[in-house]
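Let chain A serve as the given structure and place chain B on it in line with the hints.
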Amino acid sequence: MDLHTKLKILGAAAKYDVSCSSSGSSRRNRPGGLGNASLPGICHSWSDDGRCISLLKILFTNRCAFNCLYCVNRATADVPRATFTPDEVAQLTINFYKRNYIEGLFLSSAVYKNPNYTMELLITTVRKLRNEYHFNGYIHLKAIPGADPLLIAEAGKYVDRMSVNIELPSSQGLQLLAPQKNRDAIIKPMGFIHSKILQAREERKLYKNAPLFVPAGQTTQLIVGATPDNDLRILRLSESLYKRFSLKRVYYSAYVPVTQHPNLPAIASPPLMREHRLYQADWLLRFYGFKADELLDENQPLLDIEIDPKSAWALRNLHLFPVEVNRADYEMLLRVPGIGVRSAKRIIAARRYSSIDFETLKRFGVVLKRARHFITCRGKFYGERNINESALYQMLKPASTQQKAISSTGEQLTFSSLYPHVFQPEDVYTVITGEM
Amino acid sequence: MVYYIYDGSFEGLLTAIYEAYYRRETPEKILSSDNVQNSLFIKYVHINTDQEKAQRVYDAIVQKISPSAAKNALYAFLSEAQDAGTAIYRYLKLGWKMGKSVDLALAEPHVFRVHALRKKVSQEAGKMLGLVRFQLLKSGVYYAPIEPDFNILGIIAPHFKRRMPNQDWIIHDVKRKLAAFYSQGQYAIVPFEFKGALPLDDEEFDYQTLWKEYFQNIAIKSRINLRLQRQFMPVRYWKYLIETPGTQAKP
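In order, the protein sequences belong to chains A and B. Position 152 (the first sequence) corresponds to 152 in the numbering used here; numbering is contiguous. Each number in the numbering used here corresponds to the 1-based position in the second sequence with 436 added.
Since the hints were derived computationally from the structure, they do not count as laboratory data. Among the hints, erroneous ones may be present.
[To be verified] Taking lysine-lysine pairs in the BS3-like style, the calculated list, with each CA pair at most 30 Å apart, reads: (1) K98(A) to K8(A); (2) K98(A) to K613(B); (3) K631(B) to K675(B); (4) K500(B) to K345(A); (5) K208(A) to K157(A); (6) K380(A) to K362(A); (7) K369(A) to K555(B); (8) K248(A) to K613(B); (9) K500(B) to K369(A); (10) K248(A) to K563(B); (11) K465(B) to K613(B).
In this text, all values refer to a predicted model and were calculated from it rather than measured experimentally.
Isolated chain A (complex conformation):
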């Protein structure tokens, strides 16, 4: 089989792995070597689905011994199979890298024969790249669940980032859809990698030239919408992963129906909006100081599809608002819908020199459309007066869905739409929704 066909098969087979980032490592080039890693990561292109292409993302082989129902490469699937050789992978990586197509290699694999055998193949490849081809660019390697810890420790010496896919948010889900994988085989290597990273970090404090171990940390990925697990469960899982293993990222991937089976849900298209809301909530956990239990609870275990999780939280906690932008502390500013990390930092920096007016907020990148309902600026409130939670909810919806709601139902003329001033906002709302 020629290289073109192999790359087509194994590139396409790897596309359901979400992670593409090349950040977190500042590996330097060595004399005579090629490449280095860039700390913030670099995107080299964007494919037609809008996802960034940073690393050459390929499987080593798609000949799989496992039969996970949601996967295109499962053992019983009728797809063309291929396997690279370590040299082919290295040659491709080096030549793409020299032309600046990619930032490095993302090497994953199906479970070929058994986990240890596969892991050894992957190690041979990355070792070759580092030692024979003197490649110092970024390498992201998948740890195969069930592989021996010694092999994982060996692989960690050569790569920048490692990941073990958690695949499904609950062990019941795994049992149902991926019976050959179990939770322990996934969580254990994560814990192991985490402890090795901590160890290497301590050693590097003592000895400058102590060897690196997975300097860009580890990530994981889980599929959303293939099992009935709710968002609260997923967010709690992510939260504990960030806490226990200091994961860099948890990637969520909307379940793309690739096959039909009684254990799989029948859906027409991937739940992209749900995935998007989960990412927003994930950011709130990592950068905005939120906790999973603040965003959702047992009575309301799903994220609102219509509005973003931060706005939803603010609406449930209207008693905390409005806050004065010139006085509120950083943590509170971060919790205002429409103010992000960057604008909050700008506000904090600028107000040490002069008080901030409304115009300046606009220039700082604050999304006033949302923020104006929750802030005062020099004591003045810029939002609507006499407004309640449900009316505010309507205003915070993105314009496109507001319009869609109108165009899909057609505009119903009501007494209140002809004489709006007669009605208070809450009355208007009940007329719109029909709930009295």
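Coordinates of chain B only, in the frame set by chain A:
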């Protein structure tokens, strides 16, 4: 009203700032000679670039304000925006009064403008680090044409020097007719023009095809989102890519 006109170089701008200080006048604007429109009521003062004066101003920025202020000024200058010269002048003037904390006074319009320009330029430079596409020529040199909005060649060249120290490469800013030539540990940015077909190496076609095929195959068909793709990678950057974005439709 007085306008200062400089020759379009960074040193020229710094000389103009030097002159403004020592002549004890406050020019309304400092403009590059390319975007001057004559007006009857304005006195135009042409500034002759002087390396020594420019160096003194530069040192004063680094020592009396901060090294990052010097970077802000340089990046804002590279944006080639019409008001860049004036904004930098006002920004630095305030900087010499406030010291390094000038970068926190974002409520000042000129400080904000310089920061905004700096951000635009460094964002494009960052994007370009990924979008440069080298092609291997018969002579063994890797050649990459680019057409950035801003004059970022000098910002991105050191990155490639660190990354690809053992291959000879050329990055050619086609629009500005400038090119960075790198060989054996050193690079130089010089005026350069090139027209006609590139003498490509034989193996180049093979890798270009491999990359194109890979690019087509990596997209998930049920998630095609060309709008998102264009948001990240505007169409004006597509010209020198090897791959062809935006060809697939949602099934």
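Hints and how they fare:
A C-alpha spacing of about 21 Å is found between K98(A) and K8(A), which places the hinted pair at or below 30 Å, so the restraint holds. A distance of roughly 24 Å separates the Cα atoms of K98(A) and K613(B); the hinted pair therefore holds under the 30 Å criterion. Proposed proximity of K631(B) and K675(B) is supported: the alpha carbons are some 15 Å apart, at most 30 Å. Between K500(B) and K345(A) the CA atoms are separated by roughly 25 Å; this keeps the pair inside 30 Å, and the hint holds.
Proximity of K208(A) to K157(A) is assessed by CA-CA distance (about 16 Å); at most 30 Å being required, the pair is judged to hold. Distance hint between K380(A) and K362(A) is fulfilled; the C-alpha atoms sit about 15 Å from each other, no more than 30 Å. Restraint check: the Cα-Cα separation between K369(A) and K555(B) comes to about 24 Å, which is no more than 30 Å; the hinted pair holds. A distance of roughly 43 Å separates the Cα atoms of K248(A) and K613(B); the hinted pair therefore is violated under the 30 Å criterion.
As the CA atoms of K500(B) and K369(A) are separated by approximately 40 Å, the hinted pair breaks the 30 Å bound. Restraint check: the Cα-Cα separation between K248(A) and K563(B) comes to about 23 Å, which is no more than 30 Å; the hinted pair holds. A hinted pair counts as satisfied when its Cα atoms are at most 30 Å apart, and K465(B) with K613(B) qualifies at roughly 28 Å.
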